[in-house]
Amino acid sequence: MVRKLEPYIIASWHGHRNDTDIPAAVKAVWDQKFKAPRGRTPGRQSNVDIAILDSRGSLVHSFDAANHQQYGRRGRIESYTADELSRAASTLGLEKRPTKSPALKLPDLQGKQGIRVLLSLDDERMHAYRAPVVEVVPVEDGDWNHLAWPEGERRVSSSVLLPYLSQIYPPGVMDRTNPATKEVYGIKAVEGDLELSPVASKKGTRHAILRGEVRLVDEGPDDFGYKGTLEIVLAYRDGESTPHALRGYFDGLYPRSDRMHRDIRWLPLQAAIESIPE
Amino acid sequence: MKRTLLYLFSLSATVLVAGTGWSDGTGTRGILERYRSIRPEAKDLAMYRLDWAASLDDALKRAAKESRPVYLIIIHAKYGDIRSGHC
Numbered sequence: 001m002v003r004k005l006e007p008y009i010i011a012s013w014h015g016h017r018n019d020t021d022i023p024a025a026v027k028a029v030w031d032q033k034f035k036a037p038r039g040r041t042p043g044r045q046s047n048v049d050i051a052i053l054d055s056r057g058s059l060v061h062s063f064d065a066a067n068h069q070q071y072g073r074r075g076r077i078e079s080y081t082a083d084e085l086s087r088a089a090s091t092l093g094l095e096k097r098p099t100k101s102p103a104l105k106l107p108d109l110q111g112k113q114g115i116r117v118l119l120s121l122d123d124e125r126m127h128a129y130r131a132p133v134v135e136v137v138p139v140e141d142g143d144w145n146h147l148a149w150p151e152g153e154r155r156v157s158s159s160v161l162l163p164y165l166s167q168i169y170p171p172g173v174m175d176r177t178n179p180a181t182k183e184v185y186g187i188k189a190v191e192g193d194l195e196l197s198p199v200a201s202k203k204g205t206r207h208a209i210l211r212g213e214v215r216l217v218d219e220g221p222d223d224f225g226y227k228g229t230l231e232i233v234l235a236y237r238d239g240e241s242t243p244h245a246l247r248g249y250f251d252g253l254y255p256r257s258d259r260m261h262r263d264i265r266w267l268p269l270q271a272a273i274e275s276i277p278e
Numbered sequence: 001m002k003r004t005l006l007y008l009f010s011l012s013a014t015v016l017v018a019g020t021g022w023s024d025g026t027g028t029r030g031i032l033e034r035y036r037s038i039r040p041e042a043k044d045l046a047m048y049r050l051d052w053a054a055s056l057d058d059a060l061k062r063a064a065k066e067s068r069p070v071y072l073i074i075i076h077a078k079y080g081d082i083r084s085g086h087c
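Chains as they are written, first to last, in this note's numbering: chain A, 1 to 278; chain Y, 1 to 87.
I should point out that these hints are in silico values taken from the structure, not numbers from a laboratory. Treat the hints with care, since some could be wrong.
Restricting the straight-line Cα-Cα distance to at most 25 Å, the calculated cross-link-like pairs of lysine to any residue (SDA-like) are [stated by the list, open to error]: (1) Y:Lys65 x A:Val217; (2) A:Lys188 x A:Gly225; (3) A:Lys105 x Y:Asp51; (4) A:Lys112 x A:Ser90; (5) Y:Lys43 x A:Ser86; (6) A:Lys112 x Y:Ala54; (7) A:Lys105 x Y:His86; (8) Y:Lys78 x A:Val217; (9) A:Lys202 x A:Pro163; (10) A:Lys227 x Y:Lys65; (11) A:Lys4 x A:Tyr80; (12) A:Lys227 x A:Thr177; (13) A:Lys188 x A:Pro163; (14) A:Lys188 x A:Ser166; (15) Y:Lys43 x A:Gly252.
With the rest of the complex left out, here is chain A:
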């Protein structure tokens, strides 16, 4: 399917029907989607639609992304989307257009220094939740001063890593949303002390290890949180006290509430953490 999407510029938009600033293309799709069908019951619909626009921004084709008739069958959405794309391709004349195989380009900050978090939730029941999440967070001057080269072992509060570790929450956290605003509860605090220790250096670069157990706490009213192990290798150039790069991981368990079985499922939640640019 990636090949079929190569000619397109991809964009996403989210909002509600009562929003005041709905783009024209979205309005056109929703007018059709939510129009009451004459003389019959409305069919099942998902909350995701696809709009194909031509280069002038005019709506050429649209469809419900989840294909409710085939919903739940593995591979059905891919084949359904491919079929819909084929229809649009003939209208747009894309079959004759040569395509090139695009390179993988992960989210970055256009050369600015930052941290990239690549998150994975191992949910054996919900295959869709296993899709990786990739977030980037800028690093400002002075942000890493608290990670200055350690002459010996010392303690560092994990709270100094809040801007990065706050990205470590699973996708689809429907059970952790504010009932009034429908917004997801963000991670408001990181708890736990870390040890920062120097290790042997090589090739003009010194390394230190930052490690410990951390607890991530969200904004909800019930002190909801989850724990994991954090281990990060920090690299320091000779003569510099603050690190210039880091790589590491978070390895924890997320307690997802299962309303159907009135149970808590402990799901492995892992994140690779890396500085950018590489």
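Position chain Y relative to chain A; hints supplied.
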């Protein structure tokens, strides 16, 4: 939400080798190996081979300039960033 994610998951499939260049020195090897094993493989990051625009406005400007069509994903929800996967 479940369907948003299912759709996102269906976009995935690819190749990338995590750039290394980090020496696996004393004490750091285990951590760097664990980092590599946890980092999603390229085949799972295929959606990042697509040509994403930062916004619909940006996509429409580029579409006019580059004479290309736009594939717009519309999510009926208060929050959600399908590009990052946090939705």
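_Need the status of pair Lys112 of chain A, Ser90 of chain A: alpha-carbon distance at most 25 Å?_
41 Å, violated
*Could you grab the alpha-carbon distance between Lys4 of chain A and Tyr80 of chain A and see if it respects the 25 Å cut-off?*
Given pair Lys4 of chain A, Tyr80 of chain A holds - Cα atoms ~12 Å apart, limit 25 Å.
*Does the structure keep Lys188 of chain A and Ser166 of chain A at a Cα separation of 25 Å or less?*
Satisfied, since the Cα-Cα distance of roughly 7 Å is no more than 25 Å.
*Are Lys65 of chain Y and Val217 of chain A close enough, with their CA atoms no more than 25 Å apart?*
Violated, because 45 Å separates the two Cα atoms, which is more than 25 Å.
_Pair hint Lys78 of chain Y and Val217 of chain A, alpha-carbon separation not exceeding 25 Å_ = Holds, at roughly 22 Å.
_25 Å limit on alpha-carbon distance, applied to hinted pair Lys188 of chain A and Gly225 of chain A_ = Judged against 25 Å, a Cα distance of about 10 Å means the pair holds.
*Verify the proposed pairing of Lys112 of chain A with Ala54 of chain Y, using a straight-line Cα cut of 25 Å.*
17 Å, holds
_Against the 25 Å threshold, does the CA-CA distance of Lys105 of chain A and Asp51 of chain Y hold or violate the hint?_
9 Å, holds
*asked:* Lys43 of chain Y and Gly252 of chain A were given as a pair; does the straight-line alpha-carbon distance stay at or below 25 Å?
replied: 23 Å, holds
_Agreement of Lys227 of chain A and Thr177 of chain A with the hint, judged by alpha carbon distance not exceeding 25 Å_ = Cα-Cα ~20 Å, so holds.
*Pair hint Lys105 of chain A and His86 of chain Y, alpha-carbon separation not exceeding 25 Å*: At roughly 18 Å apart (the allowed maximum being 25 Å), His86 of chain Y and Lys105 of chain A satisfy the hint.
*asked:* With the threshold set at 25 Å, check whether the alpha-carbon distance from Lys43 of chain Y to Ser86 of chain A stays at or below it.
replied: 24 Å, holds
Violated hints, listed in ascending order, are 1, 4, 9, 10; each of the other numbered hints is respected by the structure.
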